[in-house]
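Novice: Letter by letter, the chains look like this.
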Amino acid sequence: MRVGVLYSRIRRDEKLLLNELRSRDHEVAKLDVRKLRFALDEPPAELAECDVVLDRCLATSRSLYASQFVDSYGVPVVNGPETAEVCADKAKNSLALSNAGVPTPRTEVAFTKETAMEIIEDFGYPCVLKPVVGSWGRLMAKIDSRSAAEAILEHKATLGHYEHKVFYVQEFVEKPGRDIRVVATDGEPVAAMTRTSDHWLTNAAKGATAEPFELDDEALDLVERASEAVGGGLLGVDLMETGESGYTVHEVNHTVEFKALSDATDVDVAARVVDWLETKVPAEVSA
Amino acid sequence: MVDCPECGGSVTLHDDAETGEIIDCGTCGAELEVIGTDPVELETAPELEEDWGE
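Line by line, the protein sequences are chains A and B. In terms of this note's numbering, the first sequence opens at residue -17 and continues consecutively. In terms of this note's numbering, the second sequence opens at residue -19 and continues consecutively.
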């Protein structure tokens, strides 16, 4: 098949995917999103002949718009625009999980710092303030006191992009120093790992250490339901262990990075992703 | 071997370098983007933007 890879930067993840696709003799079209023009009616020529397009845009804004256009041209895109829209925004992500009955941390959103302060005081300390759009643990604040809350809210309201005036407050989950990242294709886990850190943030981008993790039945069920809640696709599902109540799903990522997972486990994640594409694409084309 | 557009130092690329890949200059530490492979061309990589990530 001809696979278009939408990108603006070739990370190790993209390189692994490109190498896997080429080694199986798939035709690969590298589509630099910075150079593409998206018309309303007709796709750019290099995109029109693709059997599937993999959205690997590094910037969320590009990913959101590009996947919409590709989808509107009738070219299958992974992930689809609906999934991208839900996953790109933490508020929409939390709503989707909650509406599907997937356990997720207690979360509230407010639009002024005064109301955000009310939520924070209700939640108690510590609690967490997150930007609705963002990755790699950037601009996440664990708030330990009222004075810290006042300062952070003031900074966000004054300095931030308009999206920072959407205040997303979440309970602080007392996890055992680690969280769980699962890469899944339409709800079926490819591989899972724990990310452990002394810091409260356990992102791989923040230097957390990774170990393989065996999913139990409850986690398997949650990954499947969380994937379905956001529209399915190639996803990174993030869970935390809560002790008494099992797991809580705090986020689902739609342009998932998997190099740390490939390094931490025996699973060749890129190969499994291409296996999935090889079954998914013919099924979609004939549907 | 190609010159770093930031410091002029020599940069060596792997044989399988891809257009769009980011490499570091060993001399000045600048992040460089491979914008062509035949012949190899490098440019200073774009700065990190707020909405970048997974």
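A hint or two may mislead.
[Unchecked claim] Below, a sample of chain B positions facing chain A; criterion: calculated Cβ distance under 10 angstroms: (1) Asp(-5); (2) Asp(-4); (3) Glu1; (4) Ile2; (5) Gly6; (6) Ala10; (7) Val14; (8) Asp18; (9) Pro19; (10) Glu21; (11) Thr24; (12) Asp31; (13) Gly33; (14) Glu34.
[Stated by the list, open to error] Residues from chain B shown here face chain A by an in silico Cβ test under 7 angstroms; the list is partial: (15) Ala(-3); (16) Glu27; (17) Glu29; (18) Trp32.
[Stated by the list, open to error] From the derived model, a few chain B residues whose C-beta atoms are all more than 10 angstroms from chain A: (19) Met(-19); (20) Pro(-15); (21) Gly(-11); (22) Thr(-1).
What the hints contain is simulated information worked out from the structure, not anything from laboratory work. Everything numeric in this text was worked out from a predicted model, so none of it was measured. Cβ coordinates follow ideal geometry from the N, Cα and C atoms, glycine included.
Novice: State for each hint whether it applies.
Specialist: Structure-based check of each hint:
Given the 10 angstroms rule on beta carbons, the hint for B/Asp(-5) is violated: about 13 angstroms separates it from the nearest Cβ of chain A. Taking 10 angstroms as the C-beta contact cut-off toward chain A, the hint placing B/Asp(-4) at the interface holds, the least distance being around 8 angstroms. For B/Glu1, the suggested interface contact is upheld, since its CB lies about 4 angstroms from the closest CB of chain A, less than 10 angstroms. Look at B/Ile2: its Cβ gets to within about 6 angstroms of chain A, closer than 10 angstroms, so that hint holds up.
The beta carbon of B/Gly6 is not positioned within 10 angstroms of any beta carbon in chain A (closest approach about 19 angstroms), and the interface hint is therefore violated. Hint status for B/Ala10: violated, given a least beta-carbon distance of 15 angstroms to chain A, over 10 angstroms. Residue-level restraint check for B/Val14 holds (minimum Cβ-Cβ distance to chain A is 8 angstroms; threshold 10 angstroms). At a threshold of 10 angstroms, the smallest CB-CB gap from B/Asp18 to chain A is about 14 angstroms, leaving the interface hint violated.
For B/Pro19, the suggested interface contact is broken, since its CB lies about 18 angstroms from the closest CB of chain A, more than 10 angstroms. Residue-level restraint check for B/Glu21 is violated (minimum Cβ-Cβ distance to chain A is 14 angstroms; threshold 10 angstroms). Nearest Cβ of chain A to the Cβ of B/Thr24: about 13 angstroms, over the 10 angstroms cut. The hint is violated. With its C-beta approaching chain A no nearer than about 4 angstroms, B/Asp31 sits inside the 10 angstroms limit, and its interface hint holds.
Given hint, B/Gly33 at the interface with chain A, holds; its Cβ is 2 angstroms from that chain's nearest Cβ, closer than 10 angstroms. Because the smallest distance between the Cβ of B/Glu34 and any Cβ of chain A comes to about 5 angstroms, under 10 angstroms, the interface hint for this residue holds. The restraint placing B/Ala(-3) at the interface with chain A is violated, with a minimum CB-CB distance near 9 angstroms, outside the 7 angstroms limit. Nearest Cβ of chain A to the Cβ of B/Glu27: about 12 angstroms, over the 7 angstroms cut. The hint is violated.
Of the supplied interface hints, the one on B/Glu29 holds, with its beta-carbon coming within about 6 angstroms of a beta-carbon of chain A, less than 7 angstroms. With a cut of 7 angstroms, the hint placing B/Trp32 at the interface with chain A holds, because the nearest CB-to-CB distance is about 5 angstroms. No Cβ of chain A approaches the Cβ of B/Met(-19) within 10 angstroms, the least distance being about 21 angstroms, so the stated non-interface status holds. Every C-beta of chain A lies more than 10 angstroms from that of B/Pro(-15), the closest at about 17 angstroms, which supports listing it as non-interface.
The beta carbon of B/Gly(-11) sits about 22 angstroms from the closest Cβ of chain A, which is more than 10 angstroms, so the claim that it is off the interface holds. A beta-carbon of chain A comes within 10 angstroms of the beta-carbon of B/Thr(-1); the shortest separation is about 7 angstroms.
In this structure, the hints that do not hold are numbers 1, 5, 6, 8, 9, 10, 11, 15, 16 and 22, in rising order.
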